[in-house]
Amino acid sequence: MIKTPHHEGEQAVQKQAGEGGPGWGSPMFDDVIQPGFDQYLMRQRMLFLGGADATGSMWSSLVTGEAGFALPTGRHTITLSSLPVPGDPLTDAFAETADIGLLALEPHTTSRIRINGVARRDGELLHIRTEQVLGNCPKYLQVRIPVADGPADVPRETRDGDALTPEQEKWIRGADTFFIASQADGYGADSSHRGGDPGFVTVAGPRRLVWPDYFGNSFYMTLGNLQLNENCGLLFLDWESGHTLQLTGKARINWSEGDRAAVPGALRMCEFDIERVVQIDGATRLRWAFGGPSPYNPPTAGRG
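Sequential numbering of the sequence shown, starting at 1, is according to our numbering.
By construction, these hints were calculated from the structure, which means they are not laboratory data. There's no promise every hint is true.
As the list claims (entries may be wrong) - Here are the simulated DSSO-like pairs of lysine-lysine, each with C-alpha atoms no more than 30 Å apart in a straight line:
no.	residue 1	residue 2
1	Lys170	Lys139
2	Lys250	Lys15
3	Lys139	Lys15
4	Lys250	Lys170
5	Lys15	Lys170
These numbers come from a predicted model, not from an experiment.
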(Lines of atoms letter the chains of each structure in order from A and count residues from 1; the text may use other names and numbers.)
(Lines give C-alpha, C1' and ligand atoms only; values in the text may rest on other atoms or scores of the structure.)
Protein backbone atom coordinates (compact mmCIF):
# COMPACT_ATOMS: atom_id res chain seq x y z
CA MET A 1 0.00 0.00 0.00
CA ILE A 2 1.23 3.52 0.80
CA LYS A 3 5.03 3.51 1.22
CA THR A 4 5.96 7.17 0.61
CA PRO A 5 4.16 10.48 1.19
CA HIS A 6 3.45 10.93 -2.52
CA HIS A 7 2.79 8.19 -5.05
CA GLU A 8 3.60 8.31 -8.75
CA GLY A 9 0.30 9.95 -9.73
CA GLU A 10 0.69 12.70 -7.13
CA GLN A 11 4.28 13.31 -8.19
CA ALA A 12 3.23 13.51 -11.84
CA VAL A 13 0.62 16.19 -11.05
CA GLN A 14 3.08 18.08 -8.82
CA LYS A 15 5.60 18.10 -11.64
CA GLN A 16 3.11 19.37 -14.22
CA ALA A 17 1.89 22.01 -11.78
CA GLY A 18 5.43 23.05 -10.90
CA GLU A 19 4.76 22.54 -7.19
CA GLY A 20 5.71 20.24 -4.34
CA GLY A 21 8.06 17.33 -4.86
CA PRO A 22 8.70 13.79 -3.57
CA GLY A 23 9.36 14.88 0.02
CA TRP A 24 6.91 17.79 0.12
CA GLY A 25 4.95 17.93 3.36
CA SER A 26 6.44 14.69 4.70
CA PRO A 27 6.26 15.73 8.39
CA MET A 28 2.46 16.10 8.08
CA PHE A 29 1.97 12.46 7.09
CA ASP A 30 1.77 9.63 9.57
CA ASP A 31 0.17 6.20 9.79
CA VAL A 32 -1.00 6.59 13.39
CA ILE A 33 -3.84 8.47 15.06
CA GLN A 34 -1.88 11.34 16.53
CA PRO A 35 -2.52 12.85 19.98
CA GLY A 36 -5.61 15.04 19.82
CA PHE A 37 -6.97 13.35 16.72
CA ASP A 38 -8.56 10.63 18.87
CA GLN A 39 -10.62 13.17 20.82
CA TYR A 40 -11.49 14.99 17.59
CA LEU A 41 -12.86 11.79 16.07
CA MET A 42 -14.85 10.89 19.18
CA ARG A 43 -16.79 14.16 19.17
CA GLN A 44 -17.83 13.92 15.52
CA ARG A 45 -21.38 13.08 14.47
CA MET A 46 -20.63 12.72 10.76
CA LEU A 47 -17.92 11.25 8.59
CA PHE A 48 -17.49 10.95 4.84
CA LEU A 49 -16.37 7.57 3.51
CA GLY A 50 -14.80 6.86 0.14
CA GLY A 51 -14.80 3.38 -1.31
CA ALA A 52 -15.72 1.13 -4.20
CA ASP A 53 -18.89 -0.89 -4.70
CA ALA A 54 -18.96 -4.45 -6.03
CA THR A 55 -18.55 -3.22 -9.62
CA GLY A 56 -15.51 -1.07 -8.82
CA SER A 57 -17.39 2.22 -9.05
CA MET A 58 -16.21 4.80 -6.52
CA TRP A 59 -18.66 6.49 -4.16
CA SER A 60 -18.55 9.13 -1.46
CA SER A 61 -20.94 8.27 1.38
CA LEU A 62 -22.15 10.09 4.48
CA VAL A 63 -22.18 8.23 7.80
CA THR A 64 -23.72 9.84 10.88
CA GLY A 65 -24.38 8.91 14.49
CA GLU A 66 -24.12 10.11 18.03
CA ALA A 67 -20.79 11.48 19.27
CA GLY A 68 -18.55 8.50 19.96
CA PHE A 69 -19.70 6.38 17.01
CA ALA A 70 -16.18 6.81 15.58
CA LEU A 71 -14.06 5.16 18.26
CA PRO A 72 -10.26 4.95 18.04
CA THR A 73 -9.38 1.55 19.50
CA GLY A 74 -5.60 1.82 19.10
CA ARG A 75 -2.93 3.94 17.45
CA HIS A 76 -3.77 2.42 14.05
CA THR A 77 -7.40 1.33 14.47
CA ILE A 78 -10.86 2.90 14.46
CA THR A 79 -14.25 1.22 14.82
CA LEU A 80 -17.40 2.84 13.44
CA SER A 81 -20.70 1.81 15.00
CA SER A 82 -22.72 3.52 12.25
CA LEU A 83 -22.82 2.46 8.61
CA PRO A 84 -24.12 3.98 5.36
CA VAL A 85 -27.93 4.08 5.33
CA PRO A 86 -29.98 1.57 3.29
CA GLY A 87 -29.99 2.60 -0.35
CA ASP A 88 -26.50 4.08 -0.17
CA PRO A 89 -24.22 2.48 -2.80
CA LEU A 90 -21.72 1.50 -0.08
CA THR A 91 -24.31 -0.19 2.15
CA ASP A 92 -22.90 -3.63 1.29
CA ALA A 93 -19.28 -2.57 0.84
CA PHE A 94 -16.32 -3.77 2.92
CA ALA A 95 -17.60 -7.34 3.34
CA GLU A 96 -13.98 -8.17 2.54
CA THR A 97 -11.04 -5.99 3.48
CA ALA A 98 -10.90 -3.07 1.04
CA ASP A 99 -9.41 0.40 0.63
CA ILE A 100 -11.22 3.22 2.41
CA GLY A 101 -10.80 6.97 2.58
CA LEU A 102 -12.21 8.72 5.64
CA LEU A 103 -12.82 12.45 6.07
CA ALA A 104 -13.73 13.85 9.48
CA LEU A 105 -15.05 17.38 9.04
CA GLU A 106 -16.20 19.90 11.64
CA PRO A 107 -17.95 22.73 9.76
CA HIS A 108 -18.31 25.11 12.71
CA THR A 109 -14.54 25.09 13.33
CA THR A 110 -13.60 24.62 9.64
CA SER A 111 -11.26 21.80 10.59
CA ARG A 112 -10.77 18.36 9.09
CA ILE A 113 -8.73 15.18 9.30
CA ARG A 114 -8.09 12.72 6.47
CA ILE A 115 -7.56 9.07 7.28
CA ASN A 116 -6.80 6.53 4.57
CA GLY A 117 -6.40 2.81 5.08
CA VAL A 118 -8.33 -0.43 4.82
CA ALA A 119 -11.68 -1.47 6.29
CA ARG A 120 -13.71 -4.59 6.90
CA ARG A 121 -17.29 -4.88 8.05
CA ASP A 122 -18.20 -7.06 11.03
CA GLY A 123 -21.97 -7.11 11.42
CA GLU A 124 -23.04 -3.55 12.23
CA LEU A 125 -19.48 -2.40 12.87
CA LEU A 126 -16.82 -1.18 10.46
CA HIS A 127 -13.22 -1.76 11.51
CA ILE A 128 -10.59 0.51 9.95
CA ARG A 129 -6.82 0.19 10.01
CA THR A 130 -5.04 3.46 9.29
CA GLU A 131 -2.22 3.78 6.77
CA GLN A 132 -2.18 7.53 6.21
CA VAL A 133 -3.37 10.18 8.69
CA LEU A 134 -3.07 13.94 8.38
CA GLY A 135 -4.76 17.15 9.39
CA ASN A 136 -5.72 19.58 6.64
CA CYS A 137 -6.02 23.35 6.40
CA PRO A 138 -9.40 25.17 6.45
CA LYS A 139 -9.30 26.30 2.81
CA TYR A 140 -12.67 26.42 1.04
CA LEU A 141 -14.62 25.14 4.08
CA GLN A 142 -17.77 27.17 4.63
CA VAL A 143 -18.80 27.79 8.23
CA ARG A 144 -21.89 25.85 9.27
CA ILE A 145 -23.42 25.73 12.73
CA PRO A 146 -25.09 22.57 14.05
CA VAL A 147 -28.75 23.07 14.92
CA ALA A 148 -31.41 20.77 16.36
CA ASP A 149 -31.76 17.39 14.67
CA GLY A 150 -34.64 16.83 12.29
CA PRO A 151 -37.52 14.53 13.22
CA ALA A 152 -36.81 10.81 13.57
CA ASP A 153 -39.97 9.59 11.86
CA VAL A 154 -39.45 11.12 8.40
CA PRO A 155 -39.48 8.32 5.79
CA ARG A 156 -36.33 7.84 3.74
CA GLU A 157 -36.71 7.82 -0.04
CA THR A 158 -34.08 6.72 -2.59
CA ARG A 159 -34.04 7.69 -6.27
CA ASP A 160 -31.65 6.12 -8.76
CA GLY A 161 -30.77 7.16 -12.29
CA ASP A 162 -28.01 7.64 -14.84
CA ALA A 163 -28.39 11.39 -15.35
CA LEU A 164 -29.28 14.49 -13.36
CA THR A 165 -32.86 15.70 -13.17
CA PRO A 166 -33.54 19.45 -13.56
CA GLU A 167 -34.05 19.67 -9.77
CA GLN A 168 -30.71 17.97 -9.14
CA GLU A 169 -28.99 20.30 -11.59
CA LYS A 170 -30.39 23.26 -9.64
CA TRP A 171 -29.15 21.69 -6.38
CA ILE A 172 -25.60 21.43 -7.74
CA ARG A 173 -25.60 24.95 -9.19
CA GLY A 174 -26.45 26.29 -5.74
CA ALA A 175 -23.89 24.17 -3.88
CA ASP A 176 -20.85 25.66 -2.15
CA THR A 177 -19.33 22.31 -1.13
CA PHE A 178 -19.09 18.74 -2.33
CA PHE A 179 -17.15 15.68 -1.26
CA ILE A 180 -15.02 13.53 -3.52
CA ALA A 181 -13.76 9.95 -3.21
CA SER A 182 -10.91 8.63 -5.34
CA GLN A 183 -8.65 5.59 -5.45
CA ALA A 184 -5.51 4.37 -7.17
CA ASP A 185 -4.61 0.69 -7.35
CA GLY A 186 -1.83 -0.10 -4.92
CA TYR A 187 -2.05 3.28 -3.22
CA GLY A 188 -5.42 3.20 -1.48
CA ALA A 189 -8.53 5.36 -1.41
CA ASP A 190 -8.98 8.96 -0.32
CA SER A 191 -11.82 11.25 0.74
CA SER A 192 -11.64 15.00 0.36
CA HIS A 193 -13.84 18.00 -0.36
CA ARG A 194 -14.09 20.85 -2.82
CA GLY A 195 -15.59 24.22 -1.94
CA GLY A 196 -16.25 27.67 -3.29
CA ASP A 197 -18.99 30.22 -3.69
CA PRO A 198 -22.33 28.90 -5.01
CA GLY A 199 -21.94 28.42 -8.73
CA PHE A 200 -18.35 27.21 -8.58
CA VAL A 201 -19.53 23.88 -10.01
CA THR A 202 -20.78 24.20 -13.57
CA VAL A 203 -23.50 21.84 -14.77
CA ALA A 204 -22.46 21.35 -18.37
CA GLY A 205 -25.31 18.91 -19.02
CA PRO A 206 -27.31 16.18 -17.28
CA ARG A 207 -24.26 13.90 -17.39
CA ARG A 208 -21.36 16.33 -17.03
CA LEU A 209 -19.97 18.64 -14.34
CA VAL A 210 -16.98 20.97 -14.45
CA TRP A 211 -15.28 22.65 -11.51
CA PRO A 212 -12.10 24.66 -10.91
CA ASP A 213 -9.16 23.33 -8.94
CA TYR A 214 -8.00 26.13 -6.64
CA PHE A 215 -4.68 26.59 -4.86
CA GLY A 216 -4.25 24.03 -2.06
CA ASN A 217 -1.52 22.22 -0.17
CA SER A 218 0.24 20.86 -3.29
CA PHE A 219 -0.14 17.27 -2.07
CA TYR A 220 -2.56 16.52 -4.92
CA MET A 221 -3.92 13.44 -3.20
CA THR A 222 -7.19 13.60 -5.17
CA LEU A 223 -5.74 14.68 -8.49
CA GLY A 224 -2.88 12.21 -8.10
CA ASN A 225 -5.39 9.39 -7.79
CA LEU A 226 -7.31 10.69 -10.80
CA GLN A 227 -4.05 10.76 -12.76
CA LEU A 228 -3.90 6.98 -12.32
CA ASN A 229 -7.60 6.12 -12.09
CA GLU A 230 -10.39 8.33 -13.45
CA ASN A 231 -13.11 6.62 -11.39
CA CYS A 232 -14.37 8.78 -8.55
CA GLY A 233 -17.48 9.55 -6.55
CA LEU A 234 -19.05 12.87 -5.55
CA LEU A 235 -21.50 13.67 -2.77
CA PHE A 236 -23.58 16.82 -2.40
CA LEU A 237 -25.24 17.34 1.00
CA ASP A 238 -28.32 19.48 1.57
CA TRP A 239 -27.29 20.82 4.96
CA GLU A 240 -30.78 22.06 5.84
CA SER A 241 -32.83 18.99 4.88
CA GLY A 242 -30.39 16.10 5.36
CA HIS A 243 -30.82 14.91 1.77
CA THR A 244 -27.81 13.57 -0.14
CA LEU A 245 -26.98 13.40 -3.84
CA GLN A 246 -24.30 10.87 -4.82
CA LEU A 247 -22.70 10.61 -8.23
CA THR A 248 -20.20 8.15 -9.63
CA GLY A 249 -18.31 8.49 -12.88
CA LYS A 250 -14.98 9.48 -14.37
CA ALA A 251 -13.04 12.70 -13.87
CA ARG A 252 -10.19 14.17 -15.88
CA ILE A 253 -7.80 17.04 -15.26
CA ASN A 254 -7.99 19.78 -17.88
CA TRP A 255 -4.70 21.71 -18.00
CA SER A 256 -5.82 24.13 -20.73
CA GLU A 257 -4.59 27.64 -19.96
CA GLY A 258 -7.47 29.15 -21.87
CA ASP A 259 -10.15 27.23 -19.97
CA ARG A 260 -8.72 27.96 -16.52
CA ALA A 261 -8.06 31.64 -17.31
CA ALA A 262 -11.79 32.17 -17.72
CA VAL A 263 -12.47 31.11 -14.11
CA PRO A 264 -11.20 33.32 -11.24
CA GLY A 265 -8.77 31.47 -8.99
CA ALA A 266 -8.61 28.33 -11.12
CA LEU A 267 -5.23 26.68 -11.57
CA ARG A 268 -6.73 23.94 -13.71
CA MET A 269 -10.19 22.50 -14.37
CA CYS A 270 -11.74 19.12 -13.61
CA GLU A 271 -14.31 17.54 -15.92
CA PHE A 272 -16.59 14.82 -14.59
CA ASP A 273 -18.79 12.49 -16.63
CA ILE A 274 -21.69 11.01 -14.65
CA GLU A 275 -22.45 7.30 -14.87
CA ARG A 276 -24.94 6.85 -12.03
CA VAL A 277 -26.93 9.10 -9.68
CA VAL A 278 -28.36 8.20 -6.26
CA GLN A 279 -30.45 10.69 -4.29
CA ILE A 280 -31.45 9.80 -0.73
CA ASP A 281 -34.04 12.05 0.88
CA GLY A 282 -33.80 11.97 4.65
CA ALA A 283 -30.32 10.42 4.64
CA THR A 284 -29.52 12.04 7.99
CA ARG A 285 -31.31 13.81 10.82
CA LEU A 286 -28.37 16.18 11.28
CA ARG A 287 -28.97 19.80 10.32
CA TRP A 288 -26.74 22.84 9.96
CA ALA A 289 -27.29 26.58 9.53
CA PHE A 290 -25.04 28.56 7.20
CA GLY A 291 -22.52 30.61 9.16
CA GLY A 292 -20.58 32.28 6.36
CA PRO A 293 -18.38 31.58 3.34
CA SER A 294 -14.75 30.62 3.51
CA PRO A 295 -12.50 33.69 3.24
CA TYR A 296 -10.40 31.67 0.78
CA ASN A 297 -13.17 31.34 -1.83
CA PRO A 298 -12.28 33.02 -5.12
CA PRO A 299 -15.10 35.14 -6.57
CA THR A 300 -17.64 33.64 -8.95
CA ALA A 301 -20.26 35.32 -11.09
CA GLY A 302 -22.31 35.84 -7.92
CA ARG A 303 -19.60 37.60 -5.89
CA GLY A 304 -16.74 39.80 -6.97
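Hints versus structure:
1. Lys170 - Lys139: At roughly 25 Å apart (the allowed maximum being 30 Å), Lys139 and Lys170 satisfy the hint.
2. Lys250 - Lys15: holds (22 Å)
3. Lys139 - Lys15: Since the Cα atoms of Lys139 and Lys15 sit roughly 22 Å apart, the hinted pair holds (cutoff 30 Å).
4. Lys250 - Lys170: It holds: about 21 Å lies between the C-alpha atoms, which stays within 30 Å.
5. Lys15 - Lys170: It is violated: about 36 Å lies between the C-alpha atoms, which goes past 30 Å.
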